[in-house]
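Number of protein chains: 4
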Amino acid sequence: MKLTVLIHCPDQSGIIRSVTTYIHQQTGNVVYLDQHVDKQAGVFFMRLKCEFEQELDLVDFKKGFATELAEPFDMEWDAYTDEYQPKMAIFVSKYNHCLYDLLSRYNSGELSVEIPFILSNHKDLEYVAEQFNIPFFHIPVTKETKAEAEDQQLELLKKYKVDFIVLARYMQIVSPKVIDQFPQRIINIHHSFLPAFAGAKPYHAAFERGVKIIGATSHYVTEDLDAGPIIEQDVTTVSHTHSVKDFIAKGRDLERIVLSRAVQLHVARKTMVYNNKTVIFS
Amino acid sequence: MKLTVLIHCPDQSGIIRSVTTYIHQQTGNVVYLDQHVDKQAGVFFMRLKCEFEQELDLVDFKKGFATELAEPFDMEWDAYTDEYQPKMAIFVSKYNHCLYDLLSRYNSGELSVEIPFILSNHKDLEYVAEQFNIPFFHIPVTKETKAEAEDQQLELLKKYKVDFIVLARYMQIVSPKVIDQFPQRIINIHHSFLPAFAGAKPYHAAFERGVKIIGATSHYVTEDLDAGPIIEQDVTTVSHTHSVKDFIAKGRDLERIVLSRAVQLHVARKTMVYNNKTVIFS
Amino acid sequence: MKLTVLIHCPDQSGIIRSVTTYIHQQTGNVVYLDQHVDKQAGVFFMRLKCEFEQELDLVDFKKGFATELAEPFDMEWDAYTDEYQPKMAIFVSKYNHCLYDLLSRYNSGELSVEIPFILSNHKDLEYVAEQFNIPFFHIPVTKETKAEAEDQQLELLKKYKVDFIVLARYMQIVSPKVIDQFPQRIINIHHSFLPAFAGAKPYHAAFERGVKIIGATSHYVTEDLDAGPIIEQDVTTVSHTHSVKDFIAKGRDLERIVLSRAVQLHVARKTMVYNNKTVIFS
Amino acid sequence: MKLTVLIHCPDQSGIIRSVTTYIHQQTGNVVYLDQHVDKQAGVFFMRLKCEFEQELDLVDFKKGFATELAEPFDMEWDAYTDEYQPKMAIFVSKYNHCLYDLLSRYNSGELSVEIPFILSNHKDLEYVAEQFNIPFFHIPVTKETKAEAEDQQLELLKKYKVDFIVLARYMQIVSPKVIDQFPQRIINIHHSFLPAFAGAKPYHAAFERGVKIIGATSHYVTEDLDAGPIIEQDVTTVSHTHSVKDFIAKGRDLERIVLSRAVQLHVARKTMVYNNKTVIFS
Numbered sequence: 001m002k003l004t005v006l007i008h009c010p011d012q013s014g015i016i017r018s019v020t021t022y023i024h025q026q027t028g029n030v031v032y033l034d035q036h037v038d039k040q041a042g043v044f045f046m047r048l049k050c051e052f053e054q055e056l057d058l059v060d061f062k063k064g065f066a067t068e069l070a071e072p073f074d075m076e077w078d079a080y081t082d083e084y085q086p087k088m089a090i091f092v093s094k095y096n097h098c099l100y101d102l103l104s105r106y107n108s109g110e111l112s113v114e115i116p117f118i119l120s121n122h123k124d125l126e127y128v129a130e131q132f133n134i135p136f137f138h139i140p141v142t143k144e145t146k147a148e149a150e151d152q153q154l155e156l157l158k159k160y161k162v163d164f165i166v167l168a169r170y171m172q173i174v175s176p177k178v179i180d181q182f183p184q185r186i187i188n189i190h191h192s193f194l195p196a197f198a199g200a201k202p203y204h205a206a207f208e209r210g211v212k213i214i215g216a217t218s219h220y221v222t223e224d225l226d227a228g229p230i231i232e233q234d235v236t237t238v239s240h241t242h243s244v245k246d247f248i249a250k251g252r253d254l255e256r257i258v259l260s261r262a263v264q265l266h267v268a269r270k271t272m273v274y275n276n277k278t279v280i281f282s
Numbered sequence: 001m002k003l004t005v006l007i008h009c010p011d012q013s014g015i016i017r018s019v020t021t022y023i024h025q026q027t028g029n030v031v032y033l034d035q036h037v038d039k040q041a042g043v044f045f046m047r048l049k050c051e052f053e054q055e056l057d058l059v060d061f062k063k064g065f066a067t068e069l070a071e072p073f074d075m076e077w078d079a080y081t082d083e084y085q086p087k088m089a090i091f092v093s094k095y096n097h098c099l100y101d102l103l104s105r106y107n108s109g110e111l112s113v114e115i116p117f118i119l120s121n122h123k124d125l126e127y128v129a130e131q132f133n134i135p136f137f138h139i140p141v142t143k144e145t146k147a148e149a150e151d152q153q154l155e156l157l158k159k160y161k162v163d164f165i166v167l168a169r170y171m172q173i174v175s176p177k178v179i180d181q182f183p184q185r186i187i188n189i190h191h192s193f194l195p196a197f198a199g200a201k202p203y204h205a206a207f208e209r210g211v212k213i214i215g216a217t218s219h220y221v222t223e224d225l226d227a228g229p230i231i232e233q234d235v236t237t238v239s240h241t242h243s244v245k246d247f248i249a250k251g252r253d254l255e256r257i258v259l260s261r262a263v264q265l266h267v268a269r270k271t272m273v274y275n276n277k278t279v280i281f282s
Numbered sequence: 001m002k003l004t005v006l007i008h009c010p011d012q013s014g015i016i017r018s019v020t021t022y023i024h025q026q027t028g029n030v031v032y033l034d035q036h037v038d039k040q041a042g043v044f045f046m047r048l049k050c051e052f053e054q055e056l057d058l059v060d061f062k063k064g065f066a067t068e069l070a071e072p073f074d075m076e077w078d079a080y081t082d083e084y085q086p087k088m089a090i091f092v093s094k095y096n097h098c099l100y101d102l103l104s105r106y107n108s109g110e111l112s113v114e115i116p117f118i119l120s121n122h123k124d125l126e127y128v129a130e131q132f133n134i135p136f137f138h139i140p141v142t143k144e145t146k147a148e149a150e151d152q153q154l155e156l157l158k159k160y161k162v163d164f165i166v167l168a169r170y171m172q173i174v175s176p177k178v179i180d181q182f183p184q185r186i187i188n189i190h191h192s193f194l195p196a197f198a199g200a201k202p203y204h205a206a207f208e209r210g211v212k213i214i215g216a217t218s219h220y221v222t223e224d225l226d227a228g229p230i231i232e233q234d235v236t237t238v239s240h241t242h243s244v245k246d247f248i249a250k251g252r253d254l255e256r257i258v259l260s261r262a263v264q265l266h267v268a269r270k271t272m273v274y275n276n277k278t279v280i281f282s
Numbered sequence: 001m002k003l004t005v006l007i008h009c010p011d012q013s014g015i016i017r018s019v020t021t022y023i024h025q026q027t028g029n030v031v032y033l034d035q036h037v038d039k040q041a042g043v044f045f046m047r048l049k050c051e052f053e054q055e056l057d058l059v060d061f062k063k064g065f066a067t068e069l070a071e072p073f074d075m076e077w078d079a080y081t082d083e084y085q086p087k088m089a090i091f092v093s094k095y096n097h098c099l100y101d102l103l104s105r106y107n108s109g110e111l112s113v114e115i116p117f118i119l120s121n122h123k124d125l126e127y128v129a130e131q132f133n134i135p136f137f138h139i140p141v142t143k144e145t146k147a148e149a150e151d152q153q154l155e156l157l158k159k160y161k162v163d164f165i166v167l168a169r170y171m172q173i174v175s176p177k178v179i180d181q182f183p184q185r186i187i188n189i190h191h192s193f194l195p196a197f198a199g200a201k202p203y204h205a206a207f208e209r210g211v212k213i214i215g216a217t218s219h220y221v222t223e224d225l226d227a228g229p230i231i232e233q234d235v236t237t238v239s240h241t242h243s244v245k246d247f248i249a250k251g252r253d254l255e256r257i258v259l260s261r262a263v264q265l266h267v268a269r270k271t272m273v274y275n276n277k278t279v280i281f282s
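Protein chains in written order, with the UniProt record's numbering: chain D, 1 to 282; chain E, 1 to 282; chain B, 1 to 282; chain S, 1 to 282.
FYI, nobody ran anything at the bench for these hints, they're computed from the structure. Treat the hints loosely; a few may be bogus.
As the list claims (entries may be wrong) - SDA-like mimics (lysine to any residue), calculated; alpha carbons at most 20 Å apart, straight line:
1. D/Lys39 x S/Glu51
2. D/Lys39 x D/Gln172
3. D/Lys270 x E/Thr237
As the list claims (entries may be wrong) - Here are some chain D residues the structure puts well away from chain S; computed CB gaps all over 12 Å:
4. Ser18
5. Val31
6. Ala66
7. Pro116
8. Lys123
9. Lys158
10. Lys177
11. Tyr203
12. Leu225
13. Arg261
Backbone N, C-alpha and C fix where the C-beta goes; we use that ideal spot for every residue, glycine too.
Chain D with its partners taken away, still in its complex shape (with noise of 0.2 Å):
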């Protein structure tokens, strides 16, 4: 049996050899291990991979960690085993580039996750679904009816036991209703290199602006449009040769890929939040 932990805790000493000793206790043995110290904040974070030869009453190990850890040194800490795969719901628009890129990595393989659904405020997309088998929910969204079609959202989410969500170039602000159920398991596609060009039509203001690069940036969902903690960014060049549809081209390009490598990081249980930023373990 496989084990992930994270934590994060004032910085102090002995976290190290107290973790790596009580996973020892256990008859665990520490295949991986990363950590971080934020200085500026005083924060310890550590991601760490355990192999439990025998049997792990997974109840009891939590029960030890908290009382021989987590309270003396005040860690946020979770444990999570490597066969549960998240169930991962996806929210579209009308565009298909990002939600052909994860489902054909889930098709192949690549994303270690369940897609309980996909649910969208148009029916475009629904042929994709279809394409692939999985379950497509149309919920419109309008101005008198964004509450009521966030309730909706919200039943689904919770019938299907979804874990986290991916806005897939989903062209709705989510509410803090719907984000305070879903906190930092909302995975979002900014098309620009954020802070550049936060708000709508980036490519538009980049072209405008006339830069050399462009970019796009997967991050957190938060009340703070666009402001969430920033998971993954990437870049590509362009030149005063490109129209705006050209850079609205090679920005799929990006947005799909960053994307990608964000929801993987994700499932990897990778990422760690804290003060608005985010730790990423290699």
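Please arrange chains E, B and S on chain D, whose structure you already have, making use of the hints.
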């Protein structure tokens, strides 16, 4: 004799044909031609190199060009001989990395310029000027003396017939008085991926925001601070393991290379400015 | 009507002027022109787009071009109308990532081609063809049946009037019999940064060598294995933390994007081949 | 007092726990720990930084470490204090770009080393050494005098207690006589993306092959030419518009930055070598 011709004018039929025909009539041979049309703005840009086997009377060539082409096509244009080495003044403050980079390229023959002098508001980098045997002028700038200091700068720029100025981390805002004398001929390096983190302390701001990529931007200086036409940008990845100090160190390498590339593009007459954007010929 | 003209010929005086003059005589307007001179080889390359307000008689245009330009300047050339969508056959084996990438771009309208069929030596990817409603032909290949299999392939290629072939991780060596029918019209993706690690198992070889960067290369297929003219390459960083499996996973993302870019360059008629190298117009 | 500890040993249970416990017993506090397991080879690697509030007796610390940890776990290891600045000799021939880059970083305080001397088989760069006030030794090398020249080199290296050597475009093959004295302590820069284009004239070879990306590689020197463990690589794009001369100019920028990064990794004790590959800690 080699000539580089830069043209922009309203887009219309027959420009390439007319220009190449004129050059042919002058017994020249076009050895390179690159053009671009900004369809939104309706503007045609062209960069062209031609060789003349016989001695060319440049004054005559220009006169004919003006009458037969520039006037009917409503062109802004210029023609440069390859022999002339432009005179480049370098303004610095206390950081030496961009200065060293420019001077070592200059020394290796990578940069086809003359450097009549280095100017600074501090004495810190006088030793570098001495290492490379280049005149150094120290003109301190305070709020009170700024106007006077810029007069002294302008005097030196005039006296040494400076063609363009490179701000190699010159930590002073250049006022319109100087900019107006050197339109599109002052090159600055900004230590961020503009328009993200314009203004002071961009590395600190980038660190605070938790970006995964930092950049540097070289642009022509306009009255609008950090908002001039972008010549060149580049980026590098950062992670949670990097402190602000690391950002600054990694950024130095970007600043060096981005500024040097921009200077080389300018010197090679590969840049044109229109609508606060650049066309960069290859 | 829009026309794209590709030319290469011995470098000599007057080409641009003559071509633009001819197009003007045909009541066409040059809207884009890019040229390149390979000085070592003494060859001139040009890509040109022109628009005709009146209906153009393409046969007449070509006849005149041949007589007035191609013959005197000793040109290899062709002219393509923008309306024609080339027919692209895709050959695959068992990996689906490049196939999915091409098909999702095709579906999104990013790729201006027709896809008459997908062909494979295995049945594994038939389901993908079905998802996208594209005919799938299964032609197994063994040492003994290879000649016969290629006859079947050629028959299909002829029947469907295929213009060019994309080997989307087709794990068979294509023999001269097929290559000769499709010179510079078979595009392969090799999973290394050629010429490093040509041949089989490049990720394993890269891992063994301990490189810090891996790549992918798309090239036209020639009889010399993995040595054809390179169309596009890209790379990504790796480190000691990555296993061969990680190399392969990271490589998949490179292969996808590099192959798609190469296909798009080919479709847009932006590639020319000379001396086993490509000229790639922007 | 700060200590950096580097360890590699057969992978086994309990290493992290035992090491962190030992450091705790010595009243030290682990402030950074990074480890890596090469599963194929069954080798465990660790880099660790610890601080000691009280004065540490380094000899005692090392003695205890050897007995309690290194022996039972069969470790290869070393411990370095942060105060010591390694002595770096620079070997050059005629190109000055890498030398200038190293020296300007040294001058800016970016490089925590002492530079006892610069050595060359030519006199061309003596002036650079003079600019930076560093002793310069001219030791010509011919086929006949090579053995003798290397004896002189070894004498200088010994006299100045040199810790490691940087070949900053030193155009001579270093023989085993010198390599054996500086195993994993001679850093070379090769002007290609190794293993592509090993040997002489790599830019010419890259140009001939028509690659779209060129690179530079910094590696530890072994007896096998251009085949030592790779420390750092980087690449840049090229196109058909670039001549060999352009490749060389673009390559210079790569060589500079790749060599400097490799040197900095070495100086920071972030490199370990195993099986002709490097582990590069972050």
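- request: Could you tell me which of the hints above the structure violates, numbers in ascending order?
  value: When the structure is compared with the hints, numbers 2, 4, 5 turn out to be violated.
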